[in-house]
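*Asks:* Each chain is listed here by its residues.
Protein chains: 2
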Amino acid sequence: MSITNSIKDFKMEVNQALVDKAVALEPSLIKNTVKPIGLVTIEKGKEDWEITERKSIDELSNISLGKGQSVCIDFGDHHAGYVSFKLKPVGSPPDAPAHLRIKLGETLCEIAEDSSTYNGSISSSWIQEEFLHIDILPNTVSMPRRYAFRYMEIKVVDTSPKYEIVIEDVNCIAVSSADMSTVSPLTKISDDLIKMDKISLKTLQDCMHSVFEDGPKRDRRLWIGDLRLQAQANYYTFKNYDLVKRCLYLFAGLAQNEGRVGACLFIEPKLLVDDTALYDYSLFFISCLYDYYEETKDLTVLNDLWEVAYHQAQLALNRVDENGVVRDSDDWWCFLDWHDELNKQAGAQAILIYTLKQAKKLASILGDAERKEKLEKEIKKTTKGAINQLWDKEQGFFVSGNQKQVSWISQIWFVLAEVFDTDINGQILDNLLKVSPRVDLVTPYAYHHLIEALILNNRKAEALSCMRSYWGEMVKDGADCFWELYDPKNKYASPYGSRIINSYCHAWSCTPSYFIRKYFL
Amino acid sequence: MSITNSIKDFKMEVNQALVDKAVALEPSLIKNTVKPIGLVTIEKGKEDWEITERKSIDELSNISLGKGQSVCIDFGDHHAGYVSFKLKPVGSPPDAPAHLRIKLGETLCEIAEDSSTYNGSISSSWIQEEFLHIDILPNTVSMPRRYAFRYMEIKVVDTSPKYEIVIEDVNCIAVSSADMSTVSPLTKISDDLIKMDKISLKTLQDCMHSVFEDGPKRDRRLWIGDLRLQAQANYYTFKNYDLVKRCLYLFAGLAQNEGRVGACLFIEPKLLVDDTALYDYSLFFISCLYDYYEETKDLTVLNDLWEVAYHQAQLALNRVDENGVVRDSDDWWCFLDWHDELNKQAGAQAILIYTLKQAKKLASILGDAERKEKLEKEIKKTTKGAINQLWDKEQGFFVSGNQKQVSWISQIWFVLAEVFDTDINGQILDNLLKVSPRVDLVTPYAYHHLIEALILNNRKAEALSCMRSYWGEMVKDGADCFWELYDPKNKYASPYGSRIINSYCHAWSCTPSYFIRKYFL
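Chains A and B supply the protein sequences, listed in that same order. Residue numbering for the first sequence follows our numbering, starting at 1 and increasing by one per position. Residue numbering for the second sequence follows our numbering, starting at 1 and increasing by one per position.
Read the hints as simulated data drawn from the structure, not as lab findings. Among the hints, erroneous ones may be present.
30 Å max Cα-Cα, derived DSBU-like pairs, lysine-lysine [what the hints assert, rightly or not]:
# : chain 1 : residue 1 : chain 2 : residue 2
1 : B       : K86       : A       : K270
2 : B       : K8        : A       : K8
3 : A       : K86       : B       : K11
4 : B       : K8        : A       : K88
5 : B       : K86       : B       : K31
6 : B       : K393      : B       : K380
7 : B       : K434      : B       : K460
Just chain A, with the same shape it has in the complex:
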């Protein structure tokens, strides 16, 4: 995710006791040395970049590279980690430095496309391309940055007419705080779901580091929207409860102005909440805590973080007008999905109701009768507001904003918020699939909520079909991990202006494992 709004007069409100608990939970990373499996040649095919030739990795030491020559190394799967290799000169003693360009890509397009032409909306600094001078040869090159990649291209910008180089002993120290050996492999389901699960697991694994990251290529940060889905998938796979707990304490301990939970956190060089605030993301602190408690029954954490969670509901309610409806605005105040034209009002209203209900259950568990009552009142008010102001009975859809926009995500969130009963919710979902409003879903994050809504409203077959036509299509398109963005109808799309900047291992896309393991075994 990459957003450029900032809250005014931003400051961080630190609760050191909570931060200390988070710091104590910092995981050790599991390191695995991974060797590449082959060499590939990438060329433009009829539709897209293709691998047109494969060679054994054993060939690498037979290839000497001079000025302008390159080799593309395939690690066989996606990894997040640290790369090293040996450079051996051949010919005369090296009489000039070796100057290399190294590109690392999660996908072929990142290797094959000319990154100098990138002119997208987010920083080109995310492109995994380095230029290195190696003064002394032979040498071992240990690249200091962590990369997310499957392919690594090494190109000789220049050596000298007197020598060439040979590359040997290419290694990746892959890192993650997820232990894949703890997850039982699936067997008794169809092969395509087994594959989908495997890719989901890999996606989640490569996003689990010191915190749950949104993507190991980009933004490499703890976003609460991603955290919520990662934690849910984690409960059915790696069961790394401490990492969820750590992230919850971090968000609670590092708040923004007025005690608002920020949309994302930075871990280095020091713990820091970003100045981005999003209406839905702050509310999702309640969801994350609710889900965590439901999974672990950990009352200590619930007691520690209840105040912060409840406060998010209070802050969100400040935006509710006299009719019980969340006020709309033109700025980047709520996320929901990456659709350019999406109006956020209805989705925000639904998420408010959804999280108020979770908060009410937490109040009940804690025996906090006063707040439970208050929340109940607000749930009624906002539910009434939603039905009176946003529900268009004639269309059978919720509308959003001044233009009364009908979007997929608005319907999905109102279904999840259970404003109506299962019958009406089912009708809304059927209607949605039939009518297919123009303002559709553009991210796996949004698709996740569609699948969840279908399953919870007795439409498992439709959910499965939808998973197959979305994540399944990504698998057919060669995904090693699930991608940040995917539109089966427009596979080269990017909201950022170029797909080479997209993240191809993205936390919010990892939930097929959650669905398969929770609902389809």
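Based on the hints, put chain B in the right spot on chain A.
*Replies:* Same frame as chain A, but now just chain B:
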């Protein structure tokens, strides 16, 4: 220097006892922290790149740089060393890495010209330009490579729309094995010579590291042609005898096939002689040893290295034909100077005689009568050969090769070899200055020998005038150190196809201090 010939079936012949003596003499480098003095703006002037604006370095911390913006930092003088600086983000917390391009230049053209258009004959890997990604901000960037530079430009390739960067605490740890505090400054001579001496000293200092390097930017290697002149300048300035001794032992201990002293040595990753052999450079081992003994009267070194020195004379004599003349060939067998059309035969013959005479004196010092006699015989034979076959009495010049080429450098070396007496030598020099043959001198290395020849033949006024019109002109052109290549008539020339690859602090250009301090005080 940069040459691409290699000897066939190259192998290294190691004399470990001599190498061990060299290793024991490895100097500690003197480190000086240098701070930049200002910020400069470089623009294209009428003739060349110019500094059009200067600001105090104190302004640096007031400048925040966003995408595409840059700042050029002036260190006030040439340095060879290691650069570090602090990067501080301003604005929102950095939500993307900072991607920087850093150019370091000894001169303005290296900063101002687009290095991507470089298409010269030697490796572009020598261009001091780096691209860095800084993931964590704030941060201290300590660049691991050693650079030779006065100017450093830092350009932001990209940050993100949410933040910019401020650069602070820019430092250079300048390194050298020369101790400037041991050299007495000059006072009682004219200002232009004082300045010329100062620049020569800086040139020599910045070329003195673990060995005498040819240039700290390029090739950063021990070439024997450079060593000979550096050692001579060193005797009148830093008097670092151990460094000369170390280099002599290295050349003697790391020979090529047949015990030939190589043209240059590599120090890292291990001690290694290059596979380049040059007729004149191998013979200059004798000169280096002779000069060292004359300066130090160190008989131990002379005894240790006499065999190797004498052997170079023997190898060189293998190329002498029955007429006592060195056989010519078309390959890159002898250096002399960087003139494309230069025929090397006459110069090689003169250098053979010059070094045979030095070898004879060394044999005499060592009481090696047999070799002294043998050398005397060879001197007579080659001198006779030179006069009979190469001297054109009518023109008053020595000719070279099949085409009987008359070049400046051939005359100069025959004068230095004292084939004729001072009277005739004087006439040759006068004739040379008057006639000015087309195949002229193109490097300070060649000019050095002209100056030496003039001085030794009672033409000190002409020598001084020549120093002023050559090195003096470089000073006027803004040299901080003396350049590898300089043609006052064509200031943008480079034998490599682009002046951005030239070395602007070059060992063989440092000899004005030698001349001034030896002959003009």
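*Asks:* Does each hint hold? Answer for all of them.
*Replies:* Each hint tested on the structure:
no.: 1; hint: B:K86 <-> A:K270; verdict: holds, 16 Å
no.: 2; hint: B:K8 <-> A:K8; verdict: violated, 72 Å
no.: 3; hint: A:K86 <-> B:K11; verdict: holds, 24 Å
no.: 4; hint: B:K8 <-> A:K88; verdict: holds, 21 Å
no.: 5; hint: B:K86 <-> B:K31; verdict: holds, 20 Å
no.: 6; hint: B:K393 <-> B:K380; verdict: holds, 19 Å
no.: 7; hint: B:K434 <-> B:K460; verdict: holds, 17 Å
In summary, the structure is inconsistent with hint 2 from the numbered list given earlier, while agreeing with all the others.
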